[in-house]
Structures are given as C-alpha cells and as structure tokens.
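Based on the provided sequences and hints, a complete structural model is requested.
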Amino acid sequence: MEKNQKSGAINLKISRTVIYIVCILLALLSILPFWVMFVNATRSTAEIQSGLSLLPSGHFMSNLRVLLDKSFDPIQGFLNSFIISASATILTVYFSSLAAYGLVTYDWKLRKPFFTFILCVMMIPSQASAIGFYQFMYKLHWTNSFLPLILPAIAAPAVVFFMRQYLLATLSIEIVEAARVDGSGEFKTFNRIILPLMMPAVATQAIFAFVANWNNLFMPLILLTQKEKYTMPIMVSLLRGDIYKTEFGSIYMGLALTALPLFVVYFLLSRYIIAGVALGGVKE
Amino acid sequence: MRRKGVNYSKFGYIFTFPFVLAFLIFSLYPILYTAVIGFTDMQGLIPKPIHILDDPFGNFKDLLFDNASFRKSLLNTGLLWILNFVPQIVLALLLTAWFTTKRLNIKGQGIFKVLLYMPNIITASTIAILFSTLFAYPMGPINSLVQALGWSDAPIFFLQDKTTARGIVAFIQFWMWYGNTMIILIAGVMGINPALFESASIDGANGFQTFFRITLPSLRTILLFTLITSMIGGLTMFDIPQLFLMGGPDDSTLTTSMFIYGQAFKGSYLYNRAAAASMIMFVIAGILSGLVFYLMRDRDAARIKKAEKKYKKSLKTAAVEREV
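Going down the list, the protein sequences come from chains X and Z. Going by the working numbering, the letters in the first sequence line up with residues 1 to 284, in that order. Going by the working numbering, the letters in the second sequence line up with residues 1 to 324, in that order.
It should be emphasised that the hints constitute simulated quantities derived from the structure, not laboratory data. Some hints could be false.
Stated by the list, open to error - Calculated lysine-lysine pairs in the DSS-like style (CA-CA distance at most 27 Å, straight line):
id, chain 1, residue 1, chain 2, residue 2
1, X, K6, Z, K306
2, Z, K162, X, K245
3, Z, K61, Z, K48
4, X, K245, Z, K61
5, X, K112, Z, K309
6, X, K139, Z, K48
7, Z, K266, X, K70
8, X, K188, Z, K10
9, Z, K10, X, K112
10, Z, K102, X, K112
11, X, K112, Z, K316
12, Z, K305, Z, K316
13, X, K229, Z, K266
Shown next, in the form of structure tokens:
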C-alpha cells in the first residue's frame with residue numbers, strides 16, 4: 001500500500017514535469033517569432049543574412065529610415081485604422097446593447113422571431129456578400145470612403161446575442177420600473193442607468209470589436225484603393241511587395257511597428273481579454 | 001397590470017430598429033445583389049445594366065464543372081482547415097485536461113493562457129508576412145536554425161514545395177487558434193458540476209476515465225460549437241494564405257475567399273463568376289449555421305415537444321392496439 005502511494009507520488013511528479021516542459025515550449029513558440037521580429041528590426045540586412053541572433057543590434061534608425069523612404073507611412077495607416085476601428089466599435093457596442101435591451105425588457109410581438117433571426121444571421125461571413133456590397137458602394141461613390149467600413153458595424157448579431165445573455169443574467173426589471181416611477185423616459189433609462197450597468201460586458205465586447213476591425217484585411221483591401229486611405233493591414237501587405245525585396249531589416253521594422261500597438265494593448269488588458277474569450281465560449 | 005394603460009411594447013421595435021435597418025442595407029441587400037449578379041454576365045470595370053444570362057445557372061455550372069481553379073480552391077480550403085483543426089483540437093483538449101485536473105495542480109496557468117493566446121490578437125497580415133520572411137530563402141532565420149542544428153547542409157526552399165507551403169499555412173492557423181480553443185474549453189470544464197468529478201474520484205476513477213467519461217461528454221455542445229465556428233472561419237480563410245504566398249506555389253494554398261477576391265478585384269473584373277462563387281460559399285456557410293442554430297435552439301422547448309409527440313404516439317398505438 002505504502003509502496004503504491006510512493007510510486008503514485010513519483011508518477012505525479014514525472015507527469016507534472018512533462019506538462020511544465022510542454023507548456024514552456026509552447027510559450028516559447030508563441031514568443032520566439034515575435035522576438036525575432038523585434039530583434040531583427042534593429043539589425044542590418046547583412047547581419048540578418050549572416051545568421052540568427054536573439055540579441056538586438058544598433059541599426060534601429062537606419063532600418064526606420066529605409067522603411068519610411070519607400071512610401072510606407074505607418075502614422076497615416078495607424079490613424080486610418082484608429083478612426084475606422086474606434087467608430088465601428090462605438091457603433092457596435094451601443095446599438096447592440098440597445099437591441100439586446102429591447103429584446104430582454106419589452107414584450108413585443110416579434111420578440112421571439114427577432115431572436116431566431118439573430119441566431120440565423122450570426123454566422124454569415126462578410127465574404128459571401130462582398131461582390132454585391134462592392135457594387136452597391138461603387139454606385140454610391142463610397143469606395144475610398146471609411147463609411148462602408150464603419151456603418152455596417154451597427155448590425156453585429158453575435159454581439160447582440162452576447163449582450164442578451166448578459167442582460168438575462170444580470171438585469172432585474174425592478175430597476176427599469178423604479179426609473180419609470182421616477183419619470184425617466186425609456187431612452188434616458190437605457191443611457192443613464194442600464195448602459196453603465198452593462199459596462200463589464202460592453203468593455204469586453206469593445207475590446208474584441210476593436211481588435212477585429214483593426215485586423216480586418218478583406219473589406220478594406222476591396223474598398224480602399226487610394227494610398228492615403230490605407231489601413232494598417234493593407235500597409236503591412238505592401239511590405240511583401242518588390243520594393244522591399246532585399247531590405248530585410250526594414251521589413252522587420254515595418255512588421256514590428258504595426259504589431260507594437262497590439263502588444264501594448266494586449267499586455268495591458270490581457271486579463272479582461274482572456275476572461276472575455278472564456279465567456280464567449282460558454283454559450284448555454 | 002399595466003399602469004395607466006401605458007404600452008411599452010413599441011420600444012421593443014424602436015430599440016431594435018437601428019440594427020434591423022443596418023442589417024437590411026449592409027447585409028441583406030448586398031447578399032441578394034450578389035445572388036443576382038451570380039446569374040448575370042456582369043464583367044469589366046464599367047458597370048453595366050443587369051442582364052440575366054440565357055442559361056441563368058451558367059456561372060454556377062462553369063464554376064462547379066469546368067473551373068479547375070475553383071474546385072482546387074474548395075479542396076485547398078477543406079484540406080488546410082482539417083490540417084489545422086485536428087491538431088488544434090487535440091492539443092487544446094490535452095492542455096484543458098492538464099489545466100483542470102486538480103490533482104496535477106499546475107501553477108502559472110494565468111501566464112500560460114496569456115502567452116498561448118497571444119498570436120490570436122496580432123494582425124494576421126503581420127503574422128503572414130513575418131512567417132514568409134522567417135522562412136526566407138536562401139538565408140533566413142529558419143534556414144539559419146536548420147543549418148545550425150545540422151539538420152540540413154544546403155538551405156531549404158520551404159516556400160516552393162507544395163507540401164511544406166500547405167503545412168506552414170496550416171501551422172500558422174493552428175498556432176493562432178489553439179490558445180483560443182483551449183480557453184473556451186477550460187471555461188466549459190469550469191461550468192461542469194463539480195459534484196460529478198467528486199463522485200468519480202470517490203468511485204476510484206483515474207484521470208483517463210474521468211476525462212473520457214465525464215469531461216468529454218459534458219463538453220459536447222461546446223465542442224460542436226467550436227467545430228462549426230471553426231469550419232465557417234476556415235471557409236473564409238483569407239489573410240494568411242493571401243499574404244503568405246499569394247496562393248502559390250502552383251495554387252496549392254489558394255482558398256475560396258482568395259479565388260473570389262482574385263476573380264473580381266485583381267484586374268480581371270469577373271464579378272459574375274466571383275458572385276456565383278460567393279453564393280456557393282454562402283450556401284455552405286448557411287448549412288453550417290443551420291447546424292449551430294439547431295444546436296443552440298431552446299432545448300427545453302424541444303424536449304417538451306418531443307415528449308408531447310411521444311405521448312401522442314403512445315396514445316395512438318394504444319388506440320390501435322385496443323382496436324386490434
């Protein structure tokens with residue numbers, strides 16, 4: 001019996017060691033490509049060609065100069081991406097919360113059909129309607145405008161679904177009724193009382209909406225053809241073109257510059273992001 | 001009781017109106033428009049009036065029966081998805097089992113989650129170009145590594161070989177998504193009633209038995225949900241293969257989204273063909289979302305309906321038996 005327990009303890013120790021090793025290797029696998037990216041952004045092309053190194057070198061400024069000399073404008077790309085992502089995010093969270101609140105609080109005839117409809121359209125990929133969308137925007141002369149990248153964000157079925165689940169679990173109808181007794185109008189109740197109560201859900205969904213819009217390549221690539229309208233991901237795609245063919249140092253510099261804001265945001269908000277991913281999965 | 005006869009139900013319509021309006025304009029109309037274009041001869045840079053083909057399904061027939069490139073893109077999409085999803089779900093399940101087994105008591109889970117999820121948040125375009133630069137030929141970081149470790153004497157041209165090119169695209173997808181899947185599955189396990197695990201351990205179940213008999217069956221819905229969302233995500237795979245190799249070598253990493261993009265927006269302006277391809281993609285996505293909808297429907301209502309049916313049936317058979 002005692003021997004059994006002892007071998008069990010040894011087995012446990014072995015499996016724990018194996019698990020830690022695997023997890024650390026996976027963590028390194030997540031870090032290393034980005035590490036090499038940041039390090040190589042500071043090395044000259046000749047140094048990069050001569051071999052792998054994990055330590056930075058001193059060619060930061062020269063790489064940056066080569067990068068910016070060749071029509072790569074990260075500040076413009078950053079601004080464009082920021083305008084689109086921030087506006088789209090605000091529209092998404094506000095109108096989705098509003099729709100979810102309408103869905104949970106009021107008793108209207110089409111309530112159930114509306115919810116069914118949301119479930120049905122939740123999964124439609126934007127690629128499926130891209131051709132018609134492009135032709136439509138072309139006729140409106142809205143290509144090379146940010147509007148077609150921002151306005152569709154008002155209808156975000158998956159976010160409405162998430163907000164509805166959140167409200168069902170947290171909202172007590174007494175709050176709404178108390179506000180009515182105090183003479184608050186329905187819109188005012190939503191804006192002043194309900195929206196602040198929904199902040200945890202709003203914050204999570206805002207992070208994901210922002211990142212999704214920031215990283216979106218397909219739609220901007222179709223709609224934006226003028227250089228000064230390019231978003232960050234389109235800007236990144238320029239790095240693969242012929243103009244940087246042999247300038248590896250500046251390619252890494254461009255990649256590092258585009259990824260840096262996301263790393264900063266991620267490490268500041270990682271706790272909320274991980275919690276948000278976990279919540280998104282529990283869809284019952 | 002309604003106070004003073006105030007009827008609030010109209011606010012249900014008002015509050016959901018912006019959503020419905022935006023959906024009608026920016027989703028439904030474009031989808032219908034795409035469907036119509038799929039039946040026309042719309043080609044070329046200058047927009048023409050809608051003209052339905054004499055054989056309305058001509059574009060669809062061409063794509064499905066005569067267009068080798070489109071069929072290849074469908075095949076590639078499926079292949080790349082399977083190559084990334086199978087290892088992804090296996091690794092995510094393994095990590096979930098490790099992280100949620102109390103007996104193992106793995107420390108530092110928070111930091112592991114943060115690091116394993118990290119690639120998911122970085123722009124896919126950046127990652128695609130980063131990897132194509134890392135695999136550069138003849139001198140790049142991966143080639144330096146391979147030579148330093150003595151695995152190969154000559155530099156390897158990874159991106160010219162179909163198998164390695166596909167393998168790397170699938171690996172990038174896997175690497176970007178397994179952390180996400182793992183976090184979802186761990187949340188799912190946290191939602192399982194702890195009493196189930198307690199009684200299992202009292203009954204003397206070992207780790208394997210607990211995992212296969214309790215954890216996996218309890219995760220069924222979440223696993224299916226992950227499967228279907230991943231399938232739809234895989235169906236629309238674009239950023240990584242587009243920027244990693246632009247579909248090459250020899251169209252071996254060309255996906256359906258890239259095919260649509262290429263037909264319409266890369267100089268050939270074959271809007272009708274691209275629209276027909278989008279509709280085929282839409283139908284596949286529709287079938288998949290139908291499955292999700294079926295999974296997430298109101299389960300209790302469905303159960304009551306089923307029970308009712310059974311009850312009626314049993315009444316019927318009872319009546320039949322009596323007649324006999």
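Hint check:
1. Distance hint between K6/X and K306/Z is unfulfilled; the C-alpha atoms sit about 53 Å from each other, more than 27 Å.
2. Taken as a hint, the K162/Z and K245/X pair is honoured in the structure, with Cα atoms around 22 Å apart against an allowance of 27 Å.
3. Note on K61/Z and K48/Z: the hinted pairing holds, with a Cα-Cα distance of about 23 Å set against a maximum of 27 Å.
4. A distance of roughly 41 Å separates the Cα atoms of K245/X and K61/Z; the hinted pair therefore is violated under the 27 Å criterion.
5. A threshold of 27 Å between alpha carbons decides the hint, and for K112/X with K309/Z the separation of about 23 Å falls inside it, so the pair holds.
6. Between K139/X and K48/Z the CA atoms are separated by roughly 11 Å; this keeps the pair inside 27 Å, and the hint holds.
7. Straight-line distance between C-alpha atoms of K266/Z and K70/X comes to about 23 Å, which keeps the hinted pair within the 27 Å bound.
8. A C-alpha spacing of about 16 Å is found between K188/X and K10/Z, which places the hinted pair at or below 27 Å, so the restraint holds.
9. Using a Cα cut-off of 27 Å, the hinted pair K10/Z and K112/X holds, with the two alpha carbons roughly 15 Å apart.
10. Annotation: proposed proximity of K102/Z to K112/X is violated, straight-line Cα distance about 42 Å (limit 27 Å).
11. For the hint pairing K112/X with K316/Z, the CA-to-CA distance comes to about 32 Å; that exceeds 27 Å, so the pair is violated.
12. Proximity of K305/Z to K316/Z is assessed by CA-CA distance (about 16 Å); at most 27 Å being required, the pair is judged to hold.
13. Between K229/X and K266/Z, the direct Cα distance comes to roughly 19 Å. Compliance with the 27 Å bound is thereby established for this hinted pair.
In summary, the structure is inconsistent with hints 1, 4, 10, 11 from the numbered list given earlier, while agreeing with the others.
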